[in-house]
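Number of protein chains: 2
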Amino acid sequence: MKMGWGDLGAFGEPSKETPNLDQMASEGMLFLDFYTANPLCSPSRAALLTGRLPVRNGFYTTNGHARNAYTPQDIVGGIPDSELLLPELLKKAGYINKIIGKWHLGHRPQFHPLKHGFDEWFGSPNCHFGPYDNRALPNIPVYRDWEMIGRYYEDFKIDLKTGEANLTQIYLQEALDFISRQQASQQPFFLYWAIDATHAPVYASKHFLGSSQRGLYGDAVREIDDSIGKILKHLQKLGISENTFVFFTSDNGAALISAPKQGGSNGRFLCGKQTTFEGGMREPAIAWWPGHIPAGGVSHQLGNVMDLFTTSLSLAGLQPPSDRQIDGIDLLPAILQGKLIDRPIFYYRGNEMMAVRVGLYKAHYWTWSNSWEEYSKGIDFCPGQNVSGVTTHTQEEHTTLPLLFHLGRDPGEKYPLSFASEEYQGVMERISAVVQQHKETMVPGEPQLNVCDKAVMNWSPPGCEKLGKCLQPPESDPKKCFWPH
Amino acid sequence: MKMGWGDLGAFGEPSKETPNLDQMASEGMLFLDFYTANPLCSPSRAALLTGRLPVRNGFYTTNGHARNAYTPQDIVGGIPDSELLLPELLKKAGYINKIIGKWHLGHRPQFHPLKHGFDEWFGSPNCHFGPYDNRALPNIPVYRDWEMIGRYYEDFKIDLKTGEANLTQIYLQEALDFISRQQASQQPFFLYWAIDATHAPVYASKHFLGSSQRGLYGDAVREIDDSIGKILKHLQKLGISENTFVFFTSDNGAALISAPKQGGSNGRFLCGKQTTFEGGMREPAIAWWPGHIPAGGVSHQLGNVMDLFTTSLSLAGLQPPSDRQIDGIDLLPAILQGKLIDRPIFYYRGNEMMAVRVGLYKAHYWTWSNSWEEYSKGIDFCPGQNVSGVTTHTQEEHTTLPLLFHLGRDPGEKYPLSFASEEYQGVMERISAVVQQHKETMVPGEPQLNVCDKAVMNWSPPGCEKLGKCLQPPESDPKKCFWPH
Numbered sequence: 001m002k003m004g005w006g007d008l009g010a011f012g013e014p015s016k017e018t019p020n021l022d023q024m025a026s027e028g029m030l031f032l033d034f035y036t037a038n039p040l041c042s043p044s045r046a047a048l049l050t051g052r053l054p055v056r057n058g059f060y061t062t063n064g065h066a067r068n069a070y071t072p073q074d075i076v077g078g079i080p081d082s083e084l085l086l087p088e089l090l091k092k093a094g095y096i097n098k099i100i101g102k103w104h105l106g107h108r109p110q111f112h113p114l115k116h117g118f119d120e121w122f123g124s125p126n127c128h129f130g131p132y133d134n135r136a137l138p139n140i141p142v143y144r145d146w147e148m149i150g151r152y153y154e155d156f157k158i159d160l161k162t163g164e165a166n167l168t169q170i171y172l173q174e175a176l177d178f179i180s181r182q183q184a185s186q187q188p189f190f191l192y193w194a195i196d197a198t199h200a201p202v203y204a205s206k207h208f209l210g211s212s213q214r215g216l217y218g219d220a221v222r223e224i225d226d227s228i229g230k231i232l233k234h235l236q237k238l239g240i241s242e243n244t245f246v247f248f249t250s251d252n253g254a255a256l257i258s259a260p261k262q263g264g265s266n267g268r269f270l271c272g273k274q275t276t277f278e279g280g281m282r283e284p285a286i287a288w289w290p291g292h293i294p295a296g297g298v299s300h301q302l303g304n305v306m307d308l309f310t311t312s313l314s315l316a317g318l319q320p321p322s323d324r325q326i327d328g329i330d331l332l333p334a335i336l337q338g339k340l341i342d343r344p345i346f347y348y349r350g351n352e353m354m355a356v357r358v359g360l361y362k363a364h365y366w367t368w369s370n371s372w373e374e375y376s377k378g379i380d381f382c383p384g385q386n387v388s389g390v391t392t393h394t395q396e397e398h399t400t401l402p403l404l405f406h407l408g409r410d411p412g413e414k415y416p417l418s419f420a421s422e423e424y425q426g427v428m429e430r431i432s433a434v435v436q437q438h439k440e441t442m443v444p445g446e447p448q449l450n451v452c453d454k455a456v457m458n459w460s461p462p463g464c465e466k467l468g469k470c471l472q473p474p475e476s477d478p479k480k481c482f483w484p485h
Numbered sequence: 001m002k003m004g005w006g007d008l009g010a011f012g013e014p015s016k017e018t019p020n021l022d023q024m025a026s027e028g029m030l031f032l033d034f035y036t037a038n039p040l041c042s043p044s045r046a047a048l049l050t051g052r053l054p055v056r057n058g059f060y061t062t063n064g065h066a067r068n069a070y071t072p073q074d075i076v077g078g079i080p081d082s083e084l085l086l087p088e089l090l091k092k093a094g095y096i097n098k099i100i101g102k103w104h105l106g107h108r109p110q111f112h113p114l115k116h117g118f119d120e121w122f123g124s125p126n127c128h129f130g131p132y133d134n135r136a137l138p139n140i141p142v143y144r145d146w147e148m149i150g151r152y153y154e155d156f157k158i159d160l161k162t163g164e165a166n167l168t169q170i171y172l173q174e175a176l177d178f179i180s181r182q183q184a185s186q187q188p189f190f191l192y193w194a195i196d197a198t199h200a201p202v203y204a205s206k207h208f209l210g211s212s213q214r215g216l217y218g219d220a221v222r223e224i225d226d227s228i229g230k231i232l233k234h235l236q237k238l239g240i241s242e243n244t245f246v247f248f249t250s251d252n253g254a255a256l257i258s259a260p261k262q263g264g265s266n267g268r269f270l271c272g273k274q275t276t277f278e279g280g281m282r283e284p285a286i287a288w289w290p291g292h293i294p295a296g297g298v299s300h301q302l303g304n305v306m307d308l309f310t311t312s313l314s315l316a317g318l319q320p321p322s323d324r325q326i327d328g329i330d331l332l333p334a335i336l337q338g339k340l341i342d343r344p345i346f347y348y349r350g351n352e353m354m355a356v357r358v359g360l361y362k363a364h365y366w367t368w369s370n371s372w373e374e375y376s377k378g379i380d381f382c383p384g385q386n387v388s389g390v391t392t393h394t395q396e397e398h399t400t401l402p403l404l405f406h407l408g409r410d411p412g413e414k415y416p417l418s419f420a421s422e423e424y425q426g427v428m429e430r431i432s433a434v435v436q437q438h439k440e441t442m443v444p445g446e447p448q449l450n451v452c453d454k455a456v457m458n459w460s461p462p463g464c465e466k467l468g469k470c471l472q473p474p475e476s477d478p479k480k481c482f483w484p485h
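Here the protein sequences come in this chain order: C and Y.
For what it's worth, this note's numbering labels the leading residue of the first sequence as 1, then goes sequentially.
For what it's worth, this note's numbering labels the leading residue of the second sequence as 1, then goes sequentially.
Next comes chain C alone, as it looks inside the complex:
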């Protein structure tokens, strides 16, 4: 899911159009300091499902320094078999696992979600970009389980002109049906509802078009909000809400480059998606579990999408794997007992640790918004914002004297602390030790997002022959992928 911190009424969106999410928060626990592991979707999702930083699980590139990479159609890599995904582990405890929506961990056969622990899939392997002409580029397939059942813009319409598409309704129905079936068969389940209506090109179904003060993006948010309300009510109606842990969060900060028509809000945080400023990585987050989580709770626990891996295992009575470094922590003590667990947050961009947060302090070891070249083309990750020496358009190294911010007094990262201050000296001593330990023990995984090849695109996904939708791939021509940011 893709939504900015500031997109929820509960987080101060001025139109306050998310009554269901706001109610979810008032019945559950709101996390104010929750992060993604990467300011881009593929690596964020890989981190959520593996409990590990992308630099460990391979969802990064070494084609350039500190570059964001993901899984476009021509990507050769994907989630390595050596990674253990949450559904694989949950299976051992008898869980049935379903992913609805965008997978984004690789689309070649070996990366199929049903090969990585999921029992069911409804959705697409890549973003819903398009439409394509099926010559230079094939349209993105939509899968049910092992096989494709159609393609976006062909069998699953998205009207780019009006923004109309009923995909969120389909994804909602899939979720409700899955939950009903599991309840009927008394089977524990894990549902990963990975929708993408707020990802450009943004869409909403007819009923929601024009329903928001915020334009099309707001329409999409309203539909997602409405769907989440329906899912929670469904759990209650089936009598399993006190037996079902629900967590709402987002892949990365709102993509401000898509504003104002298709871009969300990161509230007062700096910049957006693609950056390691707060706007790129701090996420809306709500835990809901009636009867267990005290209603109306608010937590300042530093959390991360990777924690959902460890927390989910804990809920299932399982231990995280001990043969590898797991970055996610078990949040249950924070959620159920209000404890505050001391742990750092690392802000990675590709192969570089750009920043780290310890307590209320955040130290930037590198700063970069995007290059002058990209910026001069109008690609702006920080529209209307400019903090001198911070939102830099060249990669600036601060490893000897990191830029230090106090996120309580200065959530917008506008006022670096003076290097000469006692506060700076004392805090950096603590942070340096954390960083040193992190770097010393870091064993990067084999980077998966280096090589691109048009031959690997979704030309002939499994099932295409039944639909007469197989396309002829071009000759293989592997190249280094180009990652401009």
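Calculated directly from the structure, the hints in this document are not laboratory data.
The reader is advised that the hints may include incorrect statements.
Just so you know, same-sequence chains aren't split out, so a pair can sit in one copy or run between any two.
Derived lysine to aspartate or glutamate pairs resembling EDC-like cross-links, with alpha carbons at most 20 Å apart [what the hints assert, rightly or not]:
| no. | residue 1 | residue 2 |
| --- | --- | --- |
| 1 | 261 | 423 |
| 2 | 161 | 422 |
| 3 | 414 | 380 |
| 4 | 261 | 159 |
| 5 | 161 | 423 |
Got chain C sorted already, so can you dock chain Y onto it with the hints?
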């Protein structure tokens, strides 16, 4: 009161440290589109108490174009006798009226609040700037009713180094005592609790110092929040909460120039105090009246501090004066019946209508943050923000082609609509008619904030002789006040 839209947890402050205000909102009605009449304290307060724009009630200057003016110690003017203040009118319905805190409508004898309808006063006529040496400048007096009882920094301590001052506690106790007395005597009352702990120099009492993640400013917010909680609980304890209408709002947007140590937050809105961007004029606002206002209400009614004049009269069964233009409207239909009243919001800076809001659209006829000269001294009303052609450092006239924003899709005023678009044409037709009517019927009042004279400072306020605190004024030397912004 001085607080930014983004300073409340209910409006998305990331530290979420205002449990009492948030609860007030959940028990009452949150206004998302509520404004001040001026982005500076004196004119804002004059507008609240008269129900009229500062350009009508005289709280503006003609010394320069579009300049903010207020009531420093050397101001000669103040609230004219010809203006009818809310407490003067409420008196007719038997109300006892008290102001606690900063008056700011003039400090010379004829402007005394007890000459303008208030029965009681505890507080100061001006901001708590200082300390002064009582030679070049006298320290600001604190009054009880007609006479001064001491001066800031002398009898009422403010420790600028630690930020400690117990003033909010004193103001709180004054409020609780006043309410108790009125309840005991079964007397209807109007309490204007006009505190200023979040105005630089920001202060908090010892118990609250260091209590916030946000630094000293946050400590002050916490203390105010706590005090408001105590006032509401007091009303409940006395059994008069269902008989008492309470409204919380702020004078103007947070002063971002005081950030990060003493500055608040305007959330995602553009710029701050002194400007006519949303950050300068959109205010946090909560109406509370248990048993009458539906709990948890949220209103998109365009509201203004001037409406509190008309709404309060309506609550008291009184009509607003018919011999003058009143800008405030009665909000009760919006508050009690959820109606949406169509009305524009005018954004004035001094003698100039800078912008107007109609529905979700805001048209800027003039843009200005501050001058290059001031900006180059480090005075920045929009720190970290820069919207080309919008946050201008020269006064830019757009009267022939106003800059138009859609505040739903673009609350941050970053993306002016294309002049060529149909949307622009259609909307500007509507807005132009509103502006034309407004300008045609506008009769500006005599400007009160043009002349300054060191001789009128608080040298010898009434009561000074009893305390031995009378000071010798210098020779009168009236000059045009200098208003740089």
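For each hint, the structure was consulted:
1. 261 <-> 423: between (42 Å within a copy, 14 Å between copies)
2. 161 <-> 422: For residue 161 and residue 422, only the inter-copy Cα distance (17 Å) is at most 20 Å; the intra-copy one is 56 Å.
3. 414 <-> 380: both (18 Å within a copy, 12 Å between copies)
4. 261 <-> 159: within (15 Å within a copy, 49 Å between copies)
5. 161 <-> 423: between (53 Å within a copy, 17 Å between copies)
Hint compliance for this structure: no hint is broken.
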